[in-house]
Each structure stands twice: as structure tokens, then as C-alpha cells.
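Taking the hints into account, I'd like the entire structure generated from these sequences.
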Amino acid sequence: MKPEHRDADGCAMTGGGASDAERVDRAFLARVIEPGDEVAGRWLRELGAAETARRLSEGGVPLPGASEKRWAGLRSRAARADPEEDLAQARAAGVRFLVPGDVEWPGQLDDLGDGRPVGLWVRGRAHARMWALRSVAVVGARACTEYGAHMAAVLGAGLAERGWVVVSGGAYGVDGAAHRGVLGVGGATVAVLACGVDRPYPRGHAQLINRIAEQGLVVGELPPGEHPTQSRFILRNRVIAALTRGTVVVEAAHRSGALVTARAAQRLGRFTMGVPGPATSALSAGVHELLRGDAVLVSDAAEIVELVGDMGELAPAKRGPVLPRDLLEPGARQVLAALPGRGAAAVDAVARGAGTTVDDAVGRLYELRALGYVERHGDSWKLTRQAMISVSSDRRPS
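Take the sequence shown: its position 199, counted from the start at 1, is 199 in our numbering, and no numbers get skipped.
Careful, some of the hints might be misleading.
Unchecked claim - FRET-style restraints, in silico, Cβ to Cβ:
#1 Arg-45 <-> Gly-320: 53 to 59 Å
#2 Asp-82 <-> Ser-19: 15 to 21 Å
#3 Pro-64 <-> Ala-92: 36 to 42 Å
#4 Val-185 <-> Ala-92: 28 to 34 Å
#5 Ile-234 <-> Ala-337: 57 to 63 Å
#6 Gly-59 <-> Ala-92: 28 to 34 Å
#7 Gly-101 <-> Val-185: 33 to 39 Å
#8 Gly-184 <-> Glu-34: 34 to 40 Å
#9 Arg-54 <-> Asp-310: 43 to 49 Å
#10 Gly-372 <-> Gly-204: 57 to 63 Å
#11 Arg-80 <-> Glu-38: 22 to 28 Å
By construction, these hints were calculated from the structure, which means they are not laboratory data. Glycine included, C-beta positions come from ideal geometry on N, C-alpha and C.
Structural data, given as C-alpha cells:
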């Protein structure tokens, strides 16, 4: 039976399933290969982790698809890699390293093909695979508006209250608001980082990310101590898209990393959703462009769950307020509508307008008077002041 590393709380640190040798080889490759490298991913698929690691360690003829220059760069990294030390640092920080074949490995990541992560460094007590099965990504602008932050927090809280895990990137703006919305209702959330999970980034969110690790999960592809770069942020987004059933974008300009996540979700066959904003807002322009394509407009958590959830999880129908006149019988509503907005009308004119008989119109008018809608003036009838306001608002063009 393989030895299993455990943290101080008794949580498994290895994930179980893959061999210790496979884990060490992949920890080595995680230090050498950049996230999303599909050429290296092909090596892994065709040669396996052990042979790929051996070839990078020993050198020789470059592997297929690698130029001499790139091969030299990889070999330089390989010479400095120390997977045993990385795994030891991870254990000390309460981080486990998951690899394909582990029971806890989120199978959705395999949809990335040769671009799937070499492994996943995970901080937190929850089961990564089980949480990913019922998760939604909520992403958006870092420099979001108050509206964007409000919508992200409300959506995060609403999804959590419905038993969904909310995945985001831990960044400022929409990401942070979504995470806080979930944490505020005691829900489940995952932050996917573009750096080592032992080094929260951005630093201004260190407290938030540490709280996510306590209540949820913090995950990433990069080994302990690694720093983020612009390309790593972009490549991190494919993991957010792959982990989840769908991606919701809340505010995004035309050149936004959140749109990269949404497009990755579309390529993977995941649901893509957008929260609309003002047509005059540059921060909503990217979302609106998504909505002109294949994305679905959503405005609350129920609409998101209707799309990504199980059959029958339908959002309630949305209607305007029920007004007193809505409760009238159809015949009474027709007579009420036949009265002029101003002035009085004779009974026969009302009957013609309502398409009924004079006797029926008289009966309906007395009924409406008892309800306060009309009043009699000699042989004619007119709307009361309150009914006049109500009926005129109904007749206003929309």
C-alpha cells in the first residue's frame, strides 16, 4: 500500500490513485514546463511522464516540436528543478499535488487535451473532483463598477445558496466580489491562481485568499513559490473554464481576460453566460458582444442554474406587479377599457366599445362602481380619478 502524506488535520496530501513516482515526475515537469504547453502535453501523452522527465533531465536530441533554442531553455530549467523539495514545501504549506489518475483529479480538465495541466496544486480541505462536478465560473473586470461588484456578489451568494460551487480567479473587482458573496453566506468557492498557491496574489487579497483556503479551495498549476506573469494569467483562464459547467461574465471590456475564459468555455462546449449592463458602458461592451453571439443573457442565480443545472431546475417566470384591475373578470376589464380617458360616455357607447349588450354593460358598470373604478353622472359614466391614472398608464405605448 502506498504511503499517504497527511497534514496536521489528517487530510490526505497526495490525492491517492497515482503512484509516488508518477507524482514526483509530474512535480518535476510542473517546474520545467509552462502551463498550457500543448507540445509538451503531446510528449506526456505519447511518452508518459517518466520518459518525458528522463529525456529533459538527461538531454540529448530534442523531443519532437522543440527547437534547439527552446530545448536548451527547458534543459536549463530541468537542471534546477527539485521535485522532492517542491513536494516537501507543499506539504509544509498544507498543499497537496493532484495528478491525472488520482481519485480527486477533476476529470473535466482532461477536456483540455494536450493543454491540460501537468498537475494541480491544491490548498484546502474540500474534494476537488466532487466540487468541480457542480460548479460555475463567475468572472469579469478587475476595475469593475459598483454595479458589477454588486451583481457578482449577488450571483455568487445566490449560486452558493442553491448548492453550487463558485469558481473565480481571486483577482480584484468582479472575482473578489463573487468570492466574498459566497463566503458571506457560508458557501463553497474555489480560487484558481496564476502563481504558486502558497503565495496569494494579488497581495491585497492575501486575507481573502487565505479565507477561501479555509472555507473552500485555492488551486493552481504552478509549483510553490512561482510568481504570476501576464501569459500565466491568460492560460490560467482555460482551467477556470474547464473546471466548471459554465462561465458567467459580469462586466468585461473588449480586451478583457474574462472574455478569454468565456471563449475557452465555448470551445470546450461549456455554457457561456453574460450579465448585461448599460449600453454606454465600455466595461459592458465585451459582455454585450458575447451576448450577440452564442452566450445567454442571465440576470440572477436562478437563470444560471436553469441553464447549467439538472432538468427541471427552472427559473421562476418573471412578471410585473399584479394590479387590482388584473383581478377583474374579462368582461369587466373590457367595459373599463371602453370608457374614455377623459370625460363621460353613455351606456350604449360603452357597450359598443366593449363589444357587449347594453344590459351587460350596465351590470358591469355598477360592479365597477362598487369597486371604485367608475362613477355615474346622470345617464353617463366616467372613470374615477384613480382609475383614470391606472387606465391611462395601461394605454401608454411601450
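Violating hint indices (sorted, rising): When the structure is compared with the hints, none of them turns out to be violated.
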